[in-house]
Amino acid sequence: MRPSDGMRTGGEVLADQLVIHGVRHVFCVPGESYIAALDGLYGSPIELTVCRQEGGASMMAEAIGKATGRPGICFVTRGPGATNASAGLHIARQDSTPMILFVGQVGRDMREREAFQELDYRAVFGSIAKWVTEIDDPARIPELVSRAFSIATNGRPGPVVVALPEDMLAERVTVADAPAFEPVETWPGAAEIERMRQLLAAAAGNHHRPLVGSGERRVDALRRALRHSAGDVVPPQPRRRSVASELCGRSQQRSESKTP
Amino acid sequence: MKAADLILLIGGRLGEWPSQGYTLLDVPVPKQTLIHVHPGIEELGRVYRPHLAIHATPTAFVAALGQIAAPNDIRWRDETKAAHADYRAFSDKPTVVPGPVNLGEIVVGLRDALPDDAVVTTGAGNFSIWVQRFHRYRRYGTQYAPASGSMGYGLPAAVAMKRLYPQRTVVAFCGDGDFMMTGQEFATAVQYDLPIIVILVDNSMYGTIRMHQERHHPGRVIATTLRNPDFAAYAKAFGGFGVTVEKTADFAPAFKAAQQSGKPAIIHVKVASEAITPSTTLEAIRKQAQAAQG
Numbered sequence: 001m002r003p004s005d006g007m008r009t010g011g012e013v014l015a016d017q018l019v020i021h022g023v024r025h026v027f028c029v030p031g032e033s034y035i036a037a038l039d040g041l042y043g044s045p046i047e048l049t050v051c052r053q054e055g056g057a058s059m060m061a062e063a064i065g066k067a068t069g070r071p072g073i074c075f076v077t078r079g080p081g082a083t084n085a086s087a088g089l090h091i092a093r094q095d096s097t098p099m100i101l102f103v104g105q106v107g108r109d110m111r112e113r114e115a116f117q118e119l120d121y122r123a124v125f126g127s128i129a130k131w132v133t134e135i136d137d138p139a140r141i142p143e144l145v146s147r148a149f150s151i152a153t154n155g156r157p158g159p160v161v162v163a164l165p166e167d168m169l170a171e172r173v174t175v176a177d178a179p180a181f182e183p184v185e186t187w188p189g190a191a192e193i194e195r196m197r198q199l200l201a202a203a204a205g206n207h208h209r210p211l212v213g214s215g216e217r218r219v220d221a222l223r224r225a226l227r228h229s230a231g232d233v234v235p236p237q238p239r240r241r242s243v244a245s246e247l248c249g250r251s252q253q254r255s256e257s258k259t260p
Numbered sequence: 001m002k003a004a005d006l007i008l009l010i011g012g013r014l015g016e017w018p019s020q021g022y023t024l025l026d027v028p029v030p031k032q033t034l035i036h037v038h039p040g041i042e043e044l045g046r047v048y049r050p051h052l053a054i055h056a057t058p059t060a061f062v063a064a065l066g067q068i069a070a071p072n073d074i075r076w077r078d079e080t081k082a083a084h085a086d087y088r089a090f091s092d093k094p095t096v097v098p099g100p101v102n103l104g105e106i107v108v109g110l111r112d113a114l115p116d117d118a119v120v121t122t123g124a125g126n127f128s129i130w131v132q133r134f135h136r137y138r139r140y141g142t143q144y145a146p147a148s149g150s151m152g153y154g155l156p157a158a159v160a161m162k163r164l165y166p167q168r169t170v171v172a173f174c175g176d177g178d179f180m181m182t183g184q185e186f187a188t189a190v191q192y193d194l195p196i197i198v199i200l201v202d203n204s205m206y207g208t209i210r211m212h213q214e215r216h217h218p219g220r221v222i223a224t225t226l227r228n229p230d231f232a233a234y235a236k237a238f239g240g241f242g243v244t245v246e247k248t249a250d251f252a253p254a255f256k257a258a259q260q261s262g263k264p265a266i267i268h269v270k271v272a273s274e275a276i277t278p279s280t281t282l283e284a285i286r287k288q289a290q291a292a293q294g
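From first to last, the protein sequence lines stand for chains Y and G. Using our numbering, read the first sequence as starting at 1 and increasing by one per residue. Using our numbering, read the second sequence as starting at 1 and increasing by one per residue.
Everything labelled a hint here was simulated from the structure, so no lab data went into it. Where hints are given, some of them may not hold.
Have a look at the derived ranges for each label pair, beta carbon to beta carbon [stated by the list, open to error]: (1) G/D92 with Y/A123: 47 to 57 Å; (2) G/Q293 with Y/E47: 49 to 59 Å; (3) Y/W187 with G/P229: 20 to 30 Å; (4) G/H212 with Y/W187: 42 to 52 Å; (5) Y/S4 with G/Q67: 50 to 60 Å.
Here are the simulated lysine to aspartate or glutamate pairs, DMTMM-like style, with alpha carbons at most 25 Å apart [what the hints assert, rightly or not]: (6) G/K31 with Y/E134; (7) G/K2 with G/D26; (8) G/K31 with G/D5; (9) G/K31 with Y/E192; (10) G/K93 with G/D73; (11) G/K2 with G/D86.
Examples of chain Y residues toward chain G, derived with CB under 7 Å [stated by the list, open to error]: (12) Q53; (13) M60; (14) A63; (15) A170; (16) R172; (17) V175; (18) P179; (19) T186; (20) A191; (21) E192; (22) M196; (23) R197.
Since we're looking at a predicted model, the values are computed, not measured. Note that CB positions come from ideal geometry on N, CA and C, so glycine has one too.
Start from the sequences and build out the full structure, keeping to the hints where you can.
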């Protein structure tokens, strides 16, 4: 039972934010560095899947991101947990999958001493993640977690790492929740559509073949739009065959020896 | 793609693999007219200088496509039909491979037996060539595989998809080396009662690397041979269902038994190491490389 004074631990604030952002599944390997975040999930409607090694946990979270288009969520402990989890994080990077890795961190009072399993996450994950942050004040959890969801999802989707100092998660605070994030669509302008019409008309005047490639999700609209059109549709990414299957019941990629 | 007049690239990046090592399009200025649509502003103009860059999410872009009338006169329809027939000839029927197990026949059998919404996951390795060539993904969101080429993905992806879609059939194709990279997560499938079916294709080697080894250093096998456990016994030891398949005809009953067990299952399929791809053998690759070396 949470106390009735309106104060929550950092771990509880974080768990509440995950529910607000629509998270249904969390994959983790537990660690003492984020025990207060686990406690925040106690009794939560989120389904927790406890895994045996962080590489598997991070790949599971990545698969959820692929399936839903919303960040897959993974919790791991500091040091060895984080380095194990880098396997799934790298997949999210190359596959453009929205994902958030929450990782434990040493207490704020002992950082920079290379304390037990301490890592500089910004340095370690700097070239894999779209953004790496560390939350020092539990009152800023709603702000920074909201930003993590936005960055992971918007533009080219990818992985975000959020480090959670152990004592920050246990600190009690009074703070309002942030509302649910919403993915942002970007639209082509009228001038771009007109220019594209001209280019397509010029190509159609030739004898050859326009080629359409799609490497993204949300294919239904694309299938509808292309129903009467002309070009061949191919998936430009290896292992994105179900996109092409949706579009035309076939695909033409033959990369037997190149893409095992 | 080299023959195309115009390429409309929606959401993709045409990275190393799909561009065949950046050879299909010239970098930075492609000969083909390139319209590149991508939601990430930093990706536009990153490798290729498109003739028209459109910063848009695929969903929004496709909705805007309605403003452009479809052409009436489609001159390449015959070529499209020929390409489709070509693809069907390539993927309809399994090829002949050495050994008593033909993975192509297994994939084709499953293709016809699995429901349209069945999820198929794979990791990385030559075993996945058969899945990519002969399986038909009939709905979006039925294929989970790492474009990054990471081994070990099939099993955890299957666990996640069975958690997300408990009612759907979830099949993981794994290689022997591939499976062992995350094989501990079979315990997670058992813990949460997730009746996924792992089809573990065992050729007792890191086959992809062995293939490249025979191409570049024929006959000099090093670091690619594996001595594996009994994976059916592994499944049983974890509390799942396990069965071994050593000839093609035994697969269908094994798959049925796996489904009927209601447990997470491993079907340990032992294939000949010579069957390195659907269309060539290790020996053929080695001889070709030796001949090239003279």
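Please verify whether G/K93 and G/D73 have alpha carbons no more than 25 Å apart.
violated (34 Å)
Under 7 Å is the threshold here; is the Cβ of Y/Q53 close enough to any Cβ of chain G for the hint to stand?
The hint holds - Y/Q53 has a Cβ within 7 Å of chain G, the shortest such distance being about 5 Å.
Straight-line Cα separation of G/K31 and Y/E192 no greater than 25 Å?
Satisfied, since the Cα-Cα distance of roughly 20 Å is no more than 25 Å.
Do Y/W187 and G/P229 keep their Cβ atoms within the hinted range of 20 to 30 Å?
violated (54 Å)
Does the nearest C-beta of chain G fall within a distance shorter than 7 Å of the C-beta of Y/M196?
holds (6 Å)
Let's test the interface hint: is any C-beta of chain G closer than 7 Å to that of Y/P179?
At 21 Å from the nearest chain G Cβ, Y/P179 fails the 7 Å test, so the hint is violated.
Does Y/E192 meet its interface restraint, that is, does its C-beta lie within less than 7 Å of any C-beta in chain G?
The hint holds - Y/E192 has a Cβ within 7 Å of chain G, the shortest such distance being about 5 Å.
With 47 to 57 Å as the target window, see if G/D92 and Y/A123 comply at their CB atoms.
holds (51 Å)
Quick check on a hinted range of 50 to 60 Å for Y/S4 and G/Q67, using CB atoms only.
Given about 57 Å between the Cβ atoms, the range holds.
Hint check, Y/M60 versus chain G [nearest Cβ-Cβ separation less than 7 Å]
This hint holds: Y/M60 lies near chain G, its Cβ roughly 4 Å from the closest one there, short of 7 Å.
Holds or violated: G/K2 to G/D26, with C-alpha atoms at most 25 Å apart
It holds: about 10 Å lies between the C-alpha atoms, which stays within 25 Å.
Restraint: Y/A170 near chain G, CB-CB cut 7 Å. Satisfied or not?
This hint is violated: Y/A170 lies away from chain G, its Cβ roughly 28 Å from the closest one there, beyond 7 Å.
Violation of the numbered hints given earlier is confined to hints 3, 6, 10, 15, 16, 17, 18 and 20; the remaining hints are satisfied by the structure.
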